[in-house]
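Chemist: Residue numbers (this note's numbering), protein chains in the order written: chain W, 168 to 282; chain Z, 67 to 180.
Just so you know, the hints here were simulated from the structure itself, not pulled from any lab data. None of these values were measured; they are calculated from a predicted model. In this text, a Cβ means the ideal position worked out from N, Cα and C, and glycines have one as well. Incorrect hints may appear among the rest.
Distance windows between CB atoms, simulated [claimed, not checked]:
#, chain 1, residue 1, chain 2, residue 2, range
1, W, Lys185, Z, Thr121, 23 to 33 Å
2, W, Asn237, Z, Ala119, 25 to 35 Å
3, Z, Pro180, W, Pro236, 47 to 57 Å
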Amino acid sequence: ETGVTQTPRHLVMGMTNKKSLKCEQHLGHNAMYWYKQSAKKPLELMFVYNFKEQTENNSVPSRFSPECPNSSHLFLHLHTLQPEDSALYLCASSQESQGALETQYFGPGTRLLVL
Amino acid sequence: AQSVTQLDSHVSVSEGTPVLLRCNYSSSYSPSLFWYVQHPNKGLQLLLKYTSAATLVKGINGFEAEFKKSETSFHLTKPSAHMSDAAEYFCVVTQRNQGGKLIFGQGTELSVKP
């Protein structure tokens with residue numbers, strides 16, 4: 168679990184706030200992911216970054232804005248969120264090479280509550 | 067298209083008895099399959115994975131799963147449950163040409179009674 172860290176672990180914000188979630192991986196991986204885990208629903212892939220380039224945007228609303236400044240760090244910027252955005256946001260990383268499927272390692276998540 | 071179905075949303079066993087968590091998948095090509103575990107307020111931890119090698123896969127903490135192509139199943143088993151096994155378990159499928167995109171099942175909550 169210490170290979171991928173996420174901060175903060177818990178966040179409460181109003182609908183007009185702007186906040187950012189941070190993810191850092193210490194595994195030397197080149198791909199990073201954001202997932203959303205809502206109650207009673209399967210994990211939803213939000214974004215994929217491969218070699219710092221966004222390769223997947225899974226129809227995520229623009230109020231979620233990812234940023235990947237380098238292969239070790241991934242941010243999720245939040246603004247004007249809705250109460251239905253309350254969820255556990257999980258970050259993951261993996262080593263991708265020519266489509267080879269390597270295991271994704273997950274962080275502990277940020278529990279977000281939007282009031 | 068790929069999909070994964072976990073047949074039970076909740077399984078309850080007694081400590082020391084066998085565990086069976088069922089998973090069926092659908093995939094157009096040869097899939098890779100994973101089981102992840104999530105303890106309360108924790109991230110997901112990989113238990114085991116199948117990537118077209120041996121069909122019986124052994125994982126951590128005494129868990130194993132068998133890939134059965136004819137039944138499109140990848141059930142997770144453990145001979146003897148421990149209290150610490152109580153958690154949410156996710157079956158996951160992906161394909162080589164999907165760029166690492168994982169498809170998660172809805173999860174099975176495992177309860178272990180003393």
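Chemist: Next, verify each hint and record whether it holds.
Modeler: Now the hints, each set against the structure:
Checked against the hint of 23 to 33 Å, the C-beta distance between Lys185/W and Thr121/Z comes to roughly 50 Å, which is inconsistent with it. Distance hint check: the CB atoms of Asn237/W and Ala119/Z are about 34 Å apart, consistent with the given range 25 to 35 Å. Distance hint check: the CB atoms of Pro180/Z and Pro236/W are about 49 Å apart, consistent with the given range 47 to 57 Å.
In this structure, the one hint that does not hold is number 1.
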